[in-house]
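Engineer: Protein sequences, first through last, are from chains X and S.
Mapped onto the numbering used here, the consecutive letters of the first sequence carry residue numbers 1 to 446.
Mapped onto the numbering used here, the consecutive letters of the second sequence carry residue numbers 1 to 446.
In short, the hints are calculated from the structure, not lab data.
Treat the hints with care, since some could be wrong.
Note that identical chains are pooled: a pair holds if it fits in a single copy or bridges any two copies.
Calculated cross-link-like contacts (lysine-lysine; reagent style BS3-like; alpha-carbon spacing at most 27 Å) [what the hints assert, rightly or not]:
1. K91 x K223
2. K86 x K363
3. K316 x K277
4. K218 x K445
The structure displayed is predicted, hence computed values, not measured ones.
For reference, the chains in residue letters:
2 protein chains.
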Amino acid sequence: MASTGKGNLVVGQSGGPTAVINQSLVGVVQEALRHEQITGIYGAHNGVEGILREDFVDMRAQSNYLLEEVAATPSAALGSCRFKPKEEDCKAIFEIFRKLDVHYFFYIGGNDSALSTGIINNIAKQQNYDLRVFHCPKTIDNDLLVTDHCPGYGSAGKYVAQAFMGNDLDNRALPGVKIDVVMGRNAGWLTAAAALARVQPGDGPHAIILPERSYTIKEFVEKIEAIYTKNGRASIAVSEGICDKEGNVWLQSDIIRAELKELGMDVLNDWMDATGKIEDEAGGAKLDAFGHAQLSGSGALADLLASVTKIHLYRKLGKKVRLRADTLGYAQRSFAGVVSETDAAEARESGRAAVQVAVSGVKDGSICFRRLKAGFGKYLCESFRAELDDVSGVDFPKGVKQYRPMEDKFISECKFDVTPEFVEWAKPLLGTLAVKGLLDQVPVKI
Amino acid sequence: MASTGKGNLVVGQSGGPTAVINQSLVGVVQEALRHEQITGIYGAHNGVEGILREDFVDMRAQSNYLLEEVAATPSAALGSCRFKPKEEDCKAIFEIFRKLDVHYFFYIGGNDSALSTGIINNIAKQQNYDLRVFHCPKTIDNDLLVTDHCPGYGSAGKYVAQAFMGNDLDNRALPGVKIDVVMGRNAGWLTAAAALARVQPGDGPHAIILPERSYTIKEFVEKIEAIYTKNGRASIAVSEGICDKEGNVWLQSDIIRAELKELGMDVLNDWMDATGKIEDEAGGAKLDAFGHAQLSGSGALADLLASVTKIHLYRKLGKKVRLRADTLGYAQRSFAGVVSETDAAEARESGRAAVQVAVSGVKDGSICFRRLKAGFGKYLCESFRAELDDVSGVDFPKGVKQYRPMEDKFISECKFDVTPEFVEWAKPLLGTLAVKGLLDQVPVKI
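Just chain X, same shape as in the assembly (with noise of 0.2 Å):
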């Protein structure tokens, strides 16, 4: 055993990329640089998937110059995987370790990283074998546990703020219905954030629709009607994790095709069957308990939401309203060239302080984020280790949420808007935010 923690070191990158991802990796590779105990600095490719196949990069090899590059541009620089190791996977993996001289080890991911930290960190001291393991949390969905938020989560916020203001400043410009179909299946942090953009009273989103609540198709579209019949216009964020009451989403909810039948809009349940078929050719689509096809359609969704607000309003209002329906996509975790200054420096701060801990002798951790209360209501934050099960979750009794969702006092009592206290949270993390500048409404006195 190598008590004196002198040996190689390897870092990797999970799961769905963020603009920042790249910081927490340059953070560790930079502060790896100052510690002798550190020999080789290995960037492993596409996380677990790389180690196994023994496939590194020598970031020992990249000028300090490129490393602030790529700490400056979007997703995983060393490439990401989806895969989640099982035990024997974690045995290969601490096995090349100890066949490697890596006494070292860095995971920035989300829940299943820290997981996956664990069971090889287990395994080496079982092994009585000399590896520090850390994990680096990030996800833009900002649902992971104990830490007050996620590095990730800032730099989207703000880009979901962005276009949400451009969705209110164009829906002003032309009136009409804009719904926005925003990321995050489990926790609405990043649809709330679509708060951010109000600057004048009456800016838009008029409605954000949350997954920690649930929604009837008729309180959806009355909801937007009463909107629109009020303002002229409405532009709507929805979670594209909305559901039913029983927590089903929209698109496999039995609920939602019964009401659908009900409200006498069956060619909807007609058109998602035949998305069904559609899955089903491609390779079969997985079924629900219903016996209905999982739509994966990156714009299903969106096109459900406007569809059901387009015939309601027609029904309504005798008329076809301006609708327009768009999913943000992938753009919100990896556009460049939008990022969130304080998102940027806790992700770097994440990096280098799970080195920093790791050399000062400590095993094992997460690294989280807390508020400081000696602020004095200006935004203060610090790096604190935290233990990986925790994190993960993974000795939560069974039932336990292994993911965070939004407080209850974030969301308004009416479920269909953020409270004045969630937008005072999230205002730091995002940043500074675009100009967004209204004419003042002298009217010419003719």
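Chain S: place on chain X using the hints.
Structural biologist: Here is chain S on its own, set in the frame of chain X:
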């Protein structure tokens, strides 16, 4: 007849928003403030619609600070319209101008705006009324006649390029096929801007599909298969105007429907029929020449493209390939915070120049841009006055296009890409793009 040129000014905005249409508005206002023959400066709400209801904002009441904020804000600050005035509307507008002592009219918009401007101009001439009438071009599509390029295009192009940088980086990190649908039904300029996302050889987009050429489904899916087989991944840019050999867009094409049948993809014809029935239910879909409903679903084209590709790859490769299609959506024209500095400066210039030319005694025109050869390879551009009719295409013989498609020299022989010449042409218009840093692929020697 007031021959002194003294009088009120009306400025309006029309058509789809852009990131810099407010720059042109502020250019008009700031220049107007410098000339004492211009008395009132009236901003018409929602273009000609606001003029017809005599609904004006006092642009003299805006502070300089606010004007600069508005200039930096996307979408039309005065509100816009999709209204194409008929001869009698133009007559009504002229009568309002006469009544309100308006002698200057500036209309910022596309070729329909140039047309409306021209009609009002002719009425004023017939009536021997001193009216200075100018059109300031704007469009993200860049398909206006006469001008080398159009304010609005550079910023939209920058958004598209940065979205495709993100796509490429995302697609590198988690390989698969990613298809993105870009705006521009008649011309491929905006889709072509995706090429500017490339920094290194092998960077996506790996194919660019333009409305200036026609494609069969077979050509489309086999191209993607070839790219995917070679690189293990594919990022594809597709214009929303992708069409068959008769020039009909895919979703409205009988040729495409026949090909779907022939390819044994009838599930997609069924899906299109189902989609058409929704449109029907929501106020009646327009029917095309073949009796098929025209689909306006925002994600419908992306879903069609994804579906044919998914089914083809599953049949050919015997596996489900990671496949996702996004529609870039309204963010292309109104996302807050992504602006080309070249575009912003030129849009401002077009507003200023219009007023300068008007007060110099010229009665009408459209402000266009041309490149200066004297730049010795460096980008240099100047504005110039063009005839309204040349820009609106009003006098063109039947069958001659009233918009400008991409030149042949900008489209590669294989029809799946743009030429290096296009990249050179577009580069200065998009301004400074986001950083895209990639690691040096130096393997660790084990």
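Engineer: Next step is simple, just say for each hint if it's right about the structure.
Structural biologist: The hints, checked one at a time:
no.	hint	verdict
1	K91 x K223	neither (53 Å within a copy, 41 Å between copies)
2	K86 x K363	within (22 Å within a copy, 77 Å between copies)
3	K316 x K277	between (32 Å within a copy, 19 Å between copies)
4	K218 x K445	neither (44 Å within a copy, 62 Å between copies)
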